[in-house]
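The listed protein sequences correspond, in order, to chains A and B. Residue 43 in UniProt numbering sits at position 43 of the first sequence, with consecutive numbering throughout. Residue 350 in UniProt numbering sits at position 350 of the second sequence, with consecutive numbering throughout.
Keep in mind the hints are simulated off the structure, nothing from the lab. Since the model is a prediction, treat every value here as computed from it, not as a measurement. Just to be clear, a hint being listed does not mean it is correct.
Dumping the calculated DSSO-like pairs for lysine-lysine here, alpha-carbon to alpha-carbon at most 27 angstroms [unchecked claim]:
1. Lys298/B - Lys381/B
2. Lys108/B - Lys237/B
3. Lys169/B - Lys197/B
4. Lys147/A - Lys237/B
5. Lys298/B - Lys197/B
6. Lys197/B - Lys147/A
7. Lys237/B - Lys416/B
8. Lys147/A - Lys381/B
9. Lys298/B - Lys287/B
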Amino acid sequence: MAVAQENARAEGRSFSPFWTIARRDSLAGFLFIAPQLVGIIAFVLIPLGLVFWYSLHEWNVLANTFTYTGGQNYRMLIEDESLLEVLGATAIFSAGLVILNMSLALLLAVLLNQKLAGIAIFRTLFFSPVVVSLVAWTIVWGFLLQKNGGINGMLLMLGIEGPNWLREETTAMISVIVVQVFKNVGLNMILFLAALQGVPKELYEAARIDGAPAFKQFRRITLPLISPTILLTSIITIVGSLQVFAQIAVLTQGGPGLSTTVLVYYLYQQAFQFHFFGYGSTLSILLFAIVAILTFAQWQMRKRIVFYES
Amino acid sequence: MLHYRNLKSTACTLLSVGAVIGSFAWGGAAHAQSAVNLRMTIWSANEAHLKLFNEIAAGFKQEHPNVTVTYESLPFETYTTALTTQIAGGNAPDMAWIFETSAYDFVKSGALYPLSDTLKAAEGFNLDEVSAGATERWMQDGTLYAYPFSTSPFAMFVNNDLVKAAGAKTPAEMVAAGEWTWDKAIATASAVAETGKGGLVVRDFNYQAWQYLTSVWNGWGASPWSEDGKTCTMAEKPMADALAFIHDVVFTKKAMPGPGETVDFFAGNAAMTITQISRASLLPKDKPFDWDLVPLPKGPAGEYALIGQAGVGVMQSGKNAETAAEFVAYMTNPENSAKLSQFFPSARKSLLNAEVLKKTNPLLSEEQIDKVVIAGIANGKVMPGHTGFAQIQQMVRSNLDAVWRPEADVPGTLQKICGQIGPLLKR
Numbered sequence: 001m002a003v004a005q006e007n008a009r010a011e012g013r014s015f016s017p018f019w020t021i022a023r024r025d026s027l028a029g030f031l032f033i034a035p036q037l038v039g040i041i042a043f044v045l046i047p048l049g050l051v052f053w054y055s056l057h058e059w060n061v062l063a064n065t066f067t068y069t070g071g072q073n074y075r076m077l078i079e080d081e082s083l084l085e086v087l088g089a090t091a092i093f094s095a096g097l098v099i100l101n102m103s104l105a106l107l108l109a110v111l112l113n114q115k116l117a118g119i120a121i122f123r124t125l126f127f128s129p130v131v132v133s134l135v136a137w138t139i140v141w142g143f144l145l146q147k148n149g150g151i152n153g154m155l156l157m158l159g160i161e162g163p164n165w166l167r168e169e170t171t172a173m174i175s176v177i178v179v180q181v182f183k184n185v186g187l188n189m190i191l192f193l194a195a196l197q198g199v200p201k202e203l204y205e206a207a208r209i210d211g212a213p214a215f216k217q218f219r220r221i222t223l224p225l226i227s228p229t230i231l232l233t234s235i236i237t238i239v240g241s242l243q244v245f246a247q248i249a250v251l252t253q254g255g256p257g258l259s260t261t262v263l264v265y266y267l268y269q270q271a272f273q274f275h276f277f278g279y280g281s282t283l284s285i286l287l288f289a290i291v292a293i294l295t296f297a298q299w300q301m302r303k304r305i306v307f308y309e310s
Numbered sequence: 001m002l003h004y005r006n007l008k009s010t011a012c013t014l015l016s017v018g019a020v021i022g023s024f025a026w027g028g029a030a031h032a033q034s035a036v037n038l039r040m041t042i043w044s045a046n047e048a049h050l051k052l053f054n055e056i057a058a059g060f061k062q063e064h065p066n067v068t069v070t071y072e073s074l075p076f077e078t079y080t081t082a083l084t085t086q087i088a089g090g091n092a093p094d095m096a097w098i099f100e101t102s103a104y105d106f107v108k109s110g111a112l113y114p115l116s117d118t119l120k121a122a123e124g125f126n127l128d129e130v131s132a133g134a135t136e137r138w139m140q141d142g143t144l145y146a147y148p149f150s151t152s153p154f155a156m157f158v159n160n161d162l163v164k165a166a167g168a169k170t171p172a173e174m175v176a177a178g179e180w181t182w183d184k185a186i187a188t189a190s191a192v193a194e195t196g197k198g199g200l201v202v203r204d205f206n207y208q209a210w211q212y213l214t215s216v217w218n219g220w221g222a223s224p225w226s227e228d229g230k231t232c233t234m235a236e237k238p239m240a241d242a243l244a245f246i247h248d249v250v251f252t253k254k255a256m257p258g259p260g261e262t263v264d265f266f267a268g269n270a271a272m273t274i275t276q277i278s279r280a281s282l283l284p285k286d287k288p289f290d291w292d293l294v295p296l297p298k299g300p301a302g303e304y305a306l307i308g309q310a311g312v313g314v315m316q317s318g319k320n321a322e323t324a325a326e327f328v329a330y331m332t333n334p335e336n337s338a339k340l341s342q343f344f345p346s347a348r349k350s351l352l353n354a355e356v357l358k359k360t361n362p363l364l365s366e367e368q369i370d371k372v373v374i375a376g377i378a379n380g381k382v383m384p385g386h387t388g389f390a391q392i393q394q395m396v397r398s399n400l401d402a403v404w405r406p407e408a409d410v411p412g413t414l415q416k417i418c419g420q421i422g423p424l425l426k427r
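Can you build the whole structure from these sequences, using the hints too?
The following block contains the structure:
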């Protein structure tokens, strides 16, 4: 000890350094997470708190008044006659989107998981809509889906009179779902493709030796082994489906009637068009609760469904 | 030791750089105290409109060298939403155009700076020559909160080339013969539609903004609510008859493009369009077609006219509200109102004569000015508006979707609409 102190004095150091290796490591760690932490605090936690605060107030933007109303907006939520229809439209949209998106993504991933010449071109082709601007994509589809638009023009060449896609309740909902699926199916497809390529080939070989047909191989080997990815993509897709806005705003504006007025669009109307910012905030708390409950439920289900999940 | 010295010199350098930047900033702040930047939101991005506005801003700068006015064009369809979002975000413009439909919301909320005193004090402004009818919805308790700088009549633009090609009588001929009625107008539109082109387009309606159908249903004496705005009148006979007529025109006669169909008159693809004369700027400069402008046809309730208004108001929350009010006074003084009249007709009596309007509207003939512009402004009703208009508009729109299909129960739908908007109107 005395020798060490002597050495330290000889080197000109009279005390132990503040920046020990452990401290340096923790500082580096904190600096690495700092940008993300600042981002989460500034753009997630503070707005979340503010939205809850706003939901307890009546905020008239034009008159610049901000009055505490307690639970009045929450009572309005229960009494809102349109809300049930809006939640119904949201459920149909989400269910349709998740089922179509996931099954199509899985089908494409299986088809594109082949070692064929030029397969990369097809993979790029199906992934490319993901990188296209959402609004540009939707506007183009808006033109195609007009009554006298491109899709009906093509149908007419085949002798079929197409429906008025965006102006009839059923076809309007189908249209917004399909436009959204085509936009984002590539992302899930790539995730599934990566998962499929991680399945050990020996398992298929063993199954073939045992005489298992292709469908059984898919059900017994492929599906269980990619189930963690299925869980991940289903959470991302469901949360994404509940946040859809641009497609509705550009294609249908919530119509015909309220048939495509999903929760986020309804929230936008209340807050930004009707200037009921307090009630709009209450609706976003409802949306947050729905997303949180669904995500929690899916996470719980992983124990029963997901294979190899620790 | 060396390290410590380095730190010291770095600190000194930083301090001196800071001092230099600080002195610049101080000087800049002192300069900025006198400079005033005013921002005005508008819903037109039309080159000709912007050129004129910029000329007016340049004129104001000559008198007030420290004031710079810039214009921010927001999309027409979402204009009011974008404007209120700016206000909610604490980024309100200094001045804003305001739609006639949302005038009540803005005027009654207290969001606008009172203009009466500034306008009355402005030299040569002469507010008294603006009719009481024009300022009615922009006033509250005798004070003017926004100046109605545009009082633009709705009229029918006609593509005579298409009408003649279809072998139909031109609207001008029908006007001259005194037989310019809705039935005759639709017969012409229908004849053109049969040739594969569009018939009649009610511009901006798009089966969403139903308020633009006022240009049709006023011919039946219909209105969505009573004069005092408290009672729904949509279920009454005039409205039911007018909407039944429009339904027949769309789905049986196919003289109007149906829901989900887009046809642009100004691209030469439709026989007629109803819109405000400010849209004359959209007429093609290259390869123009033979166009005409006629008044709205006579309906079962007789002759009528409709005017759309636009107000310009000063935001109460702006830092330079007083200077902004002075700019509004300059922008809408008689001299500039005359210039603006080529797109946005003024409600000033001194400017409502063919001689003045002919100078500023070289595109229009004297007859068009007389019959459409002057008569329209003199006799026209203003587009309907109401407090909380956006919510009422949305409620009516979502219900009217049931009318825009071939098999529709028009009276039943109108009853339902009144049941829903009734409580909102009474608020």
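Here is what the structure says about each hint:
{"no.": "1", "hint": "Lys298/B - Lys381/B", "result": "holds (15 angstroms)"}
{"no.": "2", "hint": "Lys108/B - Lys237/B", "result": "violated (32 angstroms)"}
{"no.": "3", "hint": "Lys169/B - Lys197/B", "result": "holds (16 angstroms)"}
{"no.": "4", "hint": "Lys147/A - Lys237/B", "result": "violated (31 angstroms)"}
{"no.": "5", "hint": "Lys298/B - Lys197/B", "result": "holds (24 angstroms)"}
{"no.": "6", "hint": "Lys197/B - Lys147/A", "result": "holds (15 angstroms)"}
{"no.": "7", "hint": "Lys237/B - Lys416/B", "result": "holds (15 angstroms)"}
{"no.": "8", "hint": "Lys147/A - Lys381/B", "result": "violated (34 angstroms)"}
{"no.": "9", "hint": "Lys298/B - Lys287/B", "result": "violated (32 angstroms)"}
The structure fails to meet hints 2, 4, 8, 9 from the earlier list, while all remaining hints are met.
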